[in-house]
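**Student:** What follows is the residue order along each chain.
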Amino acid sequence: MTRVMLSCDEATFLVTKQEFEKLPCMKRMQLRLHLFSCKLCRNFQEQSQFISEQIRILSNIDTVDSDRRLNEEQKNKLSKVIEEQVNSN
Amino acid sequence: MSSTSDHIASLDPKHWVDNYGDYLYNYAYSRVNYSEVAEDLVQETFVAAWKSREGFQGRSAEKTWLISILKRKIIDHYRKASNRKEVTASQFTSPFEEDGPFEGHWIMEKAPKDWHLQMEEPMRQEEFRKILADCLADLPPKWHSVFVLKFMEEAKSEEVCKELGCTPSNLWVMIHRAKLKMRACIETNWLSA
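Residue numbers (the working numbering), protein chains in the order written: chain F, 1 to 89; chain Z, 90 to 282.
Take the hints with a grain of salt, since some may be wrong.
What the hints assert, rightly or not - If we take Cβ atoms under 10 Å as the criterion, some of the chain F residues that face chain Z in the derived model are:
hint, residue
1, Glu10
2, Thr12
3, Cys41
4, Ser48
5, Arg69
6, Leu70
7, Ile82
The hints are simulated quantities; they were obtained by calculation from the structure and are not laboratory data. Glycine residues also receive a C-beta, built at the ideal position from the N, C-alpha and C atoms.
Construct all of the structure, not just a fragment, from the sequences and the given hints.
**Tutor:** What follows is the structure, given as structure tokens:
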């Protein structure tokens, strides 16, 4: 027998999982019931989705951050390594 | 139909660093958090690319091909890192009551606050991205790997488990805890800023 009311720990676990996978029917209903009555977990859900969305944006940014560029020294080193590879065969 | 040697001839290793160096480095840096590691991964990528140039079919662009090799290198790096370190108790404290009548419920001072004011302010979103990146970098190594693979690479759970050696249920526990930790980290740094 599982309890009908989820704890906040369980509810936030399901919120996270639900972003990736469809939950079984019973779990989905339990989660809806919990979220309906728990403002704190609704905050969590909203923030969790916001974080996921922003991480996706972060990973798709095609422009290169100025502080994440290779410096000349690093570039020369890399070029040298490639040159050695190309010349060795 | 063009032959393999045509594809190889279309590769331009002399300009790889100028053409893709920064892009690959930035890509790696945002996923491994250490500039030295990112630099090593880029180097390994170029070397591996040249060694496996026969495998370049010309079906994808040079850049796409290099990125696919880099991705593989990043996963290898994660696997090595996740074998080394387990998450210690000091790196995560649960925001939920651990016993008593409210077991499993939010500990009041650790419960999610309202973010609406901050979320609606465009100026604060710039700031948010920086804090997000810092909080992501602050995760324990194994959680960080899992988080990047699931959220940034959108890898399947089975693949992540296969690479990092974990069970599916264990994976969700890690993701859940990582999310709780990220959320708390962002709240502390963003709302108080």
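**Student:** Evaluate each hint against the coordinates.
**Tutor:** Verification of the supplied hints:
| no. | hint | in the structure |
| --- | --- | --- |
| 1 | Glu10 | holds (7 Å) |
| 2 | Thr12 | holds (7 Å) |
| 3 | Cys41 | holds (8 Å) |
| 4 | Ser48 | holds (6 Å) |
| 5 | Arg69 | holds (5 Å) |
| 6 | Leu70 | holds (5 Å) |
| 7 | Ile82 | holds (5 Å) |
Taken one by one, the earlier hints all hold for this structure without exception.
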